[in-house]
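Place chain B on chain A using the hints.
Here the protein sequences line up with chains A and B, keeping their order.
Here numbering that gives the first Met the number 0 is used: the first residue of the first sequence is 0, the next is one more, and so on.
Here numbering that gives the first Met the number 0 is used: the first residue of the second sequence is 0, the next is one more, and so on.
Simulated from the structure, these hints should not be mistaken for lab results.
No residue lacks a Cβ here, since even glycine has one placed at the ideal position from N, Cα and C.
Watch out, some of these pointers could steer you wrong.
[As the list claims (entries may be wrong)] Simulated crosslink set (DSS-like; lysine-lysine; CA at most 30 Å straight-line): (1) B:K15 <-> A:K221; (2) B:K58 <-> A:K239; (3) A:K214 <-> B:K45; (4) B:K15 <-> B:K5; (5) B:K45 <-> B:K15; (6) B:K58 <-> A:K214; (7) A:K100 <-> A:K239; (8) B:K58 <-> A:K232; (9) A:K239 <-> B:K45; (10) B:K58 <-> B:K15; (11) B:K45 <-> A:K221.
[Stated by the list, open to error] Interface residues of chain A toward chain B, partial, derived using beta-carbon atoms under 8 Å: (12) G31; (13) G119; (14) T120; (15) D121; (16) N122; (17) F123; (18) A144; (19) Q151; (20) L166; (21) P171; (22) V184; (23) T222; (24) T227; (25) L228; (26) K229.
[As the list claims (entries may be wrong)] Derived DEER-like restraints, expressed as beta-carbon distance ranges: (27) B:N53 <-> A:M0: 38 to 46 Å; (28) B:H3 <-> A:T93: 48 to 56 Å; (29) B:H3 <-> A:F207: 29 to 37 Å.
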Amino acid sequence: MNRYNRHIILSDIGQEGQQKLLQAKVLVVGAGGLGCPALQYLVAGGIGTIGITDFDIVEESNLQRQILFGTSSLGMNKAFAAKNRLEDLNPTITINAYPEKLTAKNVLELFNEYDIIVDGTDNFSTRYLINDAAIITNKPVVYGAIYKFEGQVSVFNYQNGPSYRCLFPNPPKEGSIANCSEVGVLGVLPGIIGTMQANEVIKIILGFKDVLSGKLFCYNAKTNQTSTLKINKNDSEFEKVLNQKTNLKEFHENISCYALIPEISVEKLLNKDNVMFIDVRELHEQPEINIPICVQIPLGELEENIHQINSDNTNILVCQTGIRSKKAVEILQKHNFSNCYSLIGGVSELIQQLKIKI
Amino acid sequence: MKLHIKYFGLLTEVTKCTEEIIDFSGNTIQELLQVLITKYPELENKDFQIAQNNELVSKETLISNPEIALLPPFSGG
Chain A
0 MNRYNRHIIL SDIGQEGQQK LLQAKVLVVG AGGLGCPALQ YLVAGGIGTI GITDFDIVEE
60 SNLQRQILFG TSSLGMNKAF AAKNRLEDLN PTITINAYPE KLTAKNVLEL FNEYDIIVDG
120 TDNFSTRYLI NDAAIITNKP VVYGAIYKFE GQVSVFNYQN GPSYRCLFPN PPKEGSIANC
180 SEVGVLGVLP GIIGTMQANE VIKIILGFKD VLSGKLFCYN AKTNQTSTLK INKNDSEFEK
240 VLNQKTNLKE FHENISCYAL IPEISVEKLL NKDNVMFIDV RELHEQPEIN IPICVQIPLG
300 ELEENIHQIN SDNTNILVCQ TGIRSKKAVE ILQKHNFSNC YSLIGGVSEL IQQLKIKI
Chain B
0 MKLHIKYFGL LTEVTKCTEE IIDFSGNTIQ ELLQVLITKY PELENKDFQI AQNNELVSKE
60 TLISNPEIAL LPPFSGG
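Just chain A, with the same shape it has in the complex:
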C-alpha cells in the first residue's frame, strides 16, 4: 500500500477509503482527449478494475492532447495502446481493454460489469446511448464534453439525480455541432476536463457529499470564467428511456453517427468504372496495397491534399477496418465530391477478395 501512501495519510481517505477505491470498477468509454487523462489518474489512484472501450486507432493528430500515447502507439488500437501504457503506471490493478465500438447490442452487458461509467466520447449518438443504458442498468455517469476552449462536467443518474436527457432531451441534428477533429481544440482543455471527471469518480466512490450531480460545471480556458448551472430532474425523460428498455437497438438506430456515409463492399466494387483507391492509413501501416490505381493520403493530410483526388473517378476510401475511411468520405463530401465510398471491411477484406500480391 506504499504506492497509495499520499491518499492514505489524508484523513478523508485513509486505509478504508483506499480499500473502497481498490474494490471499485470503472468503465471509461472513449480513450481520447477526455478518457486519457481520466484513465491516468484513475489507474494511478488505485481503482481496482478499469475497463477501456475504444474502436479507434491512435493517429498523429491525437498526440497534441492525448498524452497517454506516444509516437510508438501510432496505428495501434486506442484501448490496447492505453492498457499497455497504464499497466506500466500501475501493474497491481486489473485493466480490461475492449477494442470495439459501444453499440446498443453490447452496452448493457458491459455496463453491468462496472459500478461507474465515464463518458469520454466525441459524438452525440454514443452520449445518448450511454445515458439510456446507464438509466436501464442504474449506473452513475461522469460526463465531460468539450468545444474549442470550453468544457462541461456533470454527474448524471446518481442518487436519484437528473440524467443527460434532463439537460438536453434530444440529440441535436447530426453534423450541426462539430467535434474536435473538425473545429480544433486547445490541447490542455481535455486534460483539465478529463481530470475533473476522474476527480468526480473518486468522490463518488469515497462517498463525498459534494458531487456534481444536478449541476453542470462550465469552464472557459480562454477567459478563466466558470459557471455552475443547476439541472432539475425530469422524470418523463427517465420514463421515455425505461419504456424502450427491451427495444434499445431500434430506439438508437435513428441517432447513428454514420448513417448517411455511403459504403461499398468489394464485390459491388467490381461493377464500378474508373475506380481509384485512396488509402487513408498512416504511411507505415501494413499490409501495403500494391496496385497502380491506389494513392496513399493519411486521413490527417486528406484535406490539404484534396487536389490530388479526381472527382470524375469513383473514389474508394480504404483504411484498416472501415472506420477511418468513413471519416474520409465525410471530408470528401464536405468538398462536394459525390462519387465516393468507404470500403466495408477495410484493407484486409480488399486483399483477401482481390488476391492482391503483398
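This is chain B only, laid out in the frame that chain A set:
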C-alpha cells in the same frame, strides 16, 4: 429590465460576443428568445438550453432575474 446574457460554445460565433446587456420589456423566456432571434437570425437553427439565475428553465418561465445564459450541447471528447 436590463438583462445580462451569457453565450456559450458555438453560440458565441453567432453573436460574436460571450456576453452582453439587453434592454427587455417582455415577460417570459420565450419572448426573450424572439428578441434574440430577431437580433441574431441564425440562433433559430441552433440547439441550446436557457438558464436563469444559474438554473436551467423552460421557455414558459417568467423572467424574474437579470442573469440569463444560453447553453448549447458540446459533443467533443
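Does the interface hint hold: is K229 (chain A) within less than 8 Å of chain B, judged Cβ to Cβ? holds, 4 Å
Compare the distance between the alpha carbons of K58 (chain B) and K15 (chain B) with 30 Å, and conclude whether the hinted pair is satisfied. holds, 24 Å
38 to 46 Å was suggested as the range; check whether the CB atoms of N53 (chain B) and M0 (chain A) agree with it. Between N53 (chain B) and M0 (chain A), where Cβ atoms are some 42 Å apart, the hint holds.
Does the interface hint hold: is L228 (chain A) within less than 8 Å of chain B, judged Cβ to Cβ? holds, 5 Å
Residue hint F123 (chain A), partner chain B, criterion CB-CB below 8 Å: holds, 5 Å
Verify the interface restraint on V184 (chain A): the C-beta must sit less than 8 Å from at least one C-beta of chain B. holds, 6 Å
May I ask you to test the interface hint for L166 (chain A) with respect to chain B, counting a Cβ-Cβ separation under 8 Å as satisfied? Cβ of L166 (chain A) sits 7 Å from chain B, so the hint holds.
Would the pair K45 (chain B) and K221 (chain A) pass a check requiring their Cα atoms to be no farther apart than 30 Å? Satisfied, since the Cα-Cα distance of roughly 23 Å is no more than 30 Å.
Take the shortest C-beta to C-beta distance between T120 (chain A) and chain B; is it under 8 Å? This interface hint holds because 5 Å falls under the 8 Å limit.
Distance restraint between K58 (chain B) and K214 (chain A), which requires alpha-carbon spacing of 30 Å or less: Between K58 (chain B) and K214 (chain A) the Cα gap is close to 20 Å, so the pair holds against 30 Å.
Can the hint on D121 (chain A) be confirmed by a CB-to-CB distance to chain B that is less than 8 Å? Holds - the Cβ of D121 (chain A) comes within 8 Å of chain B, reaching about 4 Å at its closest.
Hint check: K214 (chain A) vs K45 (chain B), CA-CA at most 30 Å. Holds or violated? Satisfied, since the Cα-Cα distance of roughly 23 Å is no more than 30 Å.
No hint from the list above goes unmet by this structure.
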